[in-house]
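Colleague: The working numbering numbers the first residue of the sequence shown as 12 and each following residue consecutively.
Just so you know, the hints here were simulated from the structure itself, not pulled from any lab data. Note that the structure is a prediction, hence the values are computed from the model and not measured. Here a beta-carbon is modelled for each residue, glycine too, at the ideal position from N, C-alpha and C. Some hints here could point you the wrong way.
[What the hints assert, rightly or not] Here are the simulated SDA-like cross-link-like pairs (lysine to any residue), alpha carbons at most 20 Å apart as the crow flies:
{"id": "1", "residue 1": "K226", "residue 2": "Q82"}
{"id": "2", "residue 1": "K139", "residue 2": "R120"}
{"id": "3", "residue 1": "K139", "residue 2": "A110"}
{"id": "4", "residue 1": "K272", "residue 2": "S183"}
{"id": "5", "residue 1": "K276", "residue 2": "L260"}
{"id": "6", "residue 1": "K276", "residue 2": "Q79"}
{"id": "7", "residue 1": "K226", "residue 2": "L36"}
{"id": "8", "residue 1": "K276", "residue 2": "L233"}
{"id": "9", "residue 1": "K139", "residue 2": "F190"}
{"id": "10", "residue 1": "K276", "residue 2": "N22"}
{"id": "11", "residue 1": "K139", "residue 2": "H154"}
{"id": "12", "residue 1": "K139", "residue 2": "T123"}
{"id": "13", "residue 1": "K139", "residue 2": "F151"}
{"id": "14", "residue 1": "K272", "residue 2": "G283"}
{"id": "15", "residue 1": "K139", "residue 2": "I163"}
{"id": "16", "residue 1": "K226", "residue 2": "E213"}
{"id": "17", "residue 1": "K139", "residue 2": "E168"}
{"id": "18", "residue 1": "K139", "residue 2": "I95"}
{"id": "19", "residue 1": "K139", "residue 2": "P69"}
{"id": "20", "residue 1": "K276", "residue 2": "F28"}
{"id": "21", "residue 1": "K139", "residue 2": "F106"}
{"id": "22", "residue 1": "K226", "residue 2": "F190"}
{"id": "23", "residue 1": "K276", "residue 2": "D266"}
{"id": "24", "residue 1": "K139", "residue 2": "F28"}
{"id": "25", "residue 1": "K139", "residue 2": "R121"}
{"id": "26", "residue 1": "K139", "residue 2": "L157"}
{"id": "27", "residue 1": "K226", "residue 2": "F106"}
{"id": "28", "residue 1": "K139", "residue 2": "R122"}
{"id": "29", "residue 1": "K139", "residue 2": "R26"}
[Claimed, not checked] Ranges of calculated distance between the beta carbons of each label pair, as one might list FRET restraints:
{"id": "30", "residue 1": "S84", "residue 2": "S219", "range": "31 to 37 Å"}
{"id": "31", "residue 1": "D113", "residue 2": "D138", "range": "20 to 26 Å"}
{"id": "32", "residue 1": "R209", "residue 2": "R122", "range": "36 to 42 Å"}
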Amino acid sequence: MQSVGTRGYLNEEYRLFHSVDQRDLDFEAHNHDFHKIVLCLSGHVTYVMEGSTYFLRPWDLLLIPEHQIHQSSFRSDEVYERIILWINDRFLQRFNEPALLDVFEWPHRRRTGLFRPEAPRRAALSDKLREVERCQSASFAGHTLLADTYLIRFLMELRNQLGDAPDTAASSVRSDPRFNRMLEFINQNLAGDLSVDRLAREFFLSSSYLMHAFKRHTGCTLHQYVLQKRLIQAAAAIREGEPVVASALAAGFSDYTTFLKAFRKQYGCAPGELR
Numbered sequence: 012m013q014s015v016g017t018r019g020y021l022n023e024e025y026r027l028f029h030s031v032d033q034r035d036l037d038f039e040a041h042n043h044d045f046h047k048i049v050l051c052l053s054g055h056v057t058y059v060m061e062g063s064t065y066f067l068r069p070w071d072l073l074l075i076p077e078h079q080i081h082q083s084s085f086r087s088d089e090v091y092e093r094i095i096l097w098i099n100d101r102f103l104q105r106f107n108e109p110a111l112l113d114v115f116e117w118p119h120r121r122r123t124g125l126f127r128p129e130a131p132r133r134a135a136l137s138d139k140l141r142e143v144e145r146c147q148s149a150s151f152a153g154h155t156l157l158a159d160t161y162l163i164r165f166l167m168e169l170r171n172q173l174g175d176a177p178d179t180a181a182s183s184v185r186s187d188p189r190f191n192r193m194l195e196f197i198n199q200n201l202a203g204d205l206s207v208d209r210l211a212r213e214f215f216l217s218s219s220y221l222m223h224a225f226k227r228h229t230g231c232t233l234h235q236y237v238l239q240k241r242l243i244q245a246a247a248a249i250r251e252g253e254p255v256v257a258s259a260l261a262a263g264f265s266d267y268t269t270f271l272k273a274f275r276k277q278y279g280c281a282p283g284e285l286r
């Protein structure tokens, strides 16, 4: 059985990738301890994120806040070119500007991660990302500061466009309200019984249908999803200074040995070392 965990590590405050592929890509479901933005430049890629399926086309942006479980796939009959930005809260908080953090609150408020900028405004976004890419790999004096500046300009431009954006991408998003409610229920009740049978009763579904449909809507099994969300909650509490055992219990782990094994596999260290 595949595991669902974090994919990629971000030791700096942000990192930008510019990738081009023409091959079948089908990544496993995973999450990040940082935020992620995908700008699709060519090709058509499918993302499954937290119960919604997004069909990206060129110039679409997908905003993926930290800890959101997601999966992408692409087929080789087209060239898939994209710019991917990884960014953590340390960078966003360094400037004490709420507007920067607001960019990654937008998907939660709108219940969608897909933004489709209007054609006349696309260059205002892509040009700034290309400047970040240029400065990030440069060696001239002040290149890091200049990259930071272009990234801030990109985020502020994106925030402004998000603020007055009509929902032009609704036709490219598919979701099932029942499973959206189920995921909300799971995330609000991590300490409780989240077995297949319990959720099947709660949402009036057969157990076999729930197991099959859950993976289709999330990219992972129910067990994998719940385990990952419980680990995320426990890790957040530990980072804030809560006792390890209490954090595990509050996140729904009734057996400490099971928690410890899963935690070490996920984070590569003992819970106490995470602080």
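Colleague: Next, verify each hint and record whether it holds.
Modeller: Hint-by-hint comparison with the structure:
Restraint check: the Cα-Cα separation between K226 and Q82 comes to about 11 Å, which is no more than 20 Å; the hinted pair holds. Proposed proximity of K139 and R120 is contradicted: the alpha carbons are some 25 Å apart, above 20 Å. Taking the CA atoms of K139 and A110, the gap is near 17 Å; set against the 20 Å cutoff, the hint holds. Using a Cα cut-off of 20 Å, the hinted pair K272 and S183 is violated, with the two alpha carbons roughly 39 Å apart.
As the CA atoms of K276 and L260 are separated by approximately 18 Å, the hinted pair is consistent with the 20 Å bound. Restraint check: the Cα-Cα separation between K276 and Q79 comes to about 19 Å, which is no more than 20 Å; the hinted pair holds. A C-alpha spacing of about 18 Å is found between K226 and L36, which places the hinted pair at or below 20 Å, so the restraint holds. A hinted pair counts as satisfied when its Cα atoms are at most 20 Å apart, and K276 with L233 qualifies at roughly 19 Å.
Distance check on the hinted pair: K139 and F190 sit about 37 Å apart at the alpha-carbon level, beyond 20 Å; violated. As the CA atoms of K276 and N22 are separated by approximately 19 Å, the hinted pair is consistent with the 20 Å bound. For the given pair, K139 sits about 14 Å from H154 by alpha-carbon distance, which is consistent with the 20 Å threshold. A hinted pair counts as satisfied when its Cα atoms are at most 20 Å apart, and K139 with T123 does not qualify at roughly 24 Å.
For the hint pairing K139 with F151, the CA-to-CA distance comes to about 18 Å; that is within 20 Å, so the pair holds. Pair hint K272 plus G283 holds up; C-alpha atoms about 13 Å apart against a cutoff of 20 Å. Proposed proximity of K139 and I163 is supported: the alpha carbons are some 9 Å apart, at most 20 Å. With a C-alpha separation of about 18 Å, the suggested pairing of K226 with E213 holds against the 20 Å cut-off.
A threshold of 20 Å between alpha carbons decides the hint, and for K139 with E168 the separation of about 9 Å falls inside it, so the pair holds. Distance hint between K139 and I95 is fulfilled; the C-alpha atoms sit about 13 Å from each other, no more than 20 Å. With a C-alpha separation of about 17 Å, the suggested pair K139 and P69 falls inside the 20 Å cut-off, and the hint holds. Proximity of K276 to F28 is assessed by CA-CA distance (about 26 Å); at most 20 Å being required, the pair is judged violated.
Of the supplied pair hints, the one linking K139 and F106 holds, its CA atoms being roughly 18 Å apart against a limit of 20 Å. Between K226 and F190 the CA atoms are separated by roughly 11 Å; this keeps the pair inside 20 Å, and the hint holds. Note on K276 and D266: the hinted pairing holds, with a Cα-Cα distance of about 16 Å set against a maximum of 20 Å. As the CA atoms of K139 and F28 are separated by approximately 14 Å, the hinted pair is consistent with the 20 Å bound.
Distance check on the hinted pair: K139 and R121 sit about 25 Å apart at the alpha-carbon level, beyond 20 Å; violated. The straight-line distance between the Cα atoms of K139 and L157 is roughly 11 Å, inside the 20 Å bound, and the hint therefore holds. The suggested pairing of K226 with F106 is violated, with an alpha-carbon distance near 39 Å, which exceeds 20 Å. The suggested pairing of K139 with R122 is violated, with an alpha-carbon distance near 26 Å, which exceeds 20 Å.
Taking the CA atoms of K139 and R26, the gap is about 14 Å. The hint holds against a cut of 20 Å. Checked against the hint of 31 to 37 Å, the pair S84 and S219 fails, with Cβ atoms roughly 25 Å apart. For D113 and D138, the hinted distance range of 20 to 26 Å is satisfied, since their beta carbons lie about 22 Å from each other. Against the hinted window of 36 to 42 Å, the Cβ-Cβ separation of R209 and R122 comes to about 25 Å, which falls outside the hint.
Hints 2, 4, 9, 12, 20, 25, 27, 28, 30 and 32 from the earlier list are contradicted by this structure; the remaining hints agree with it.
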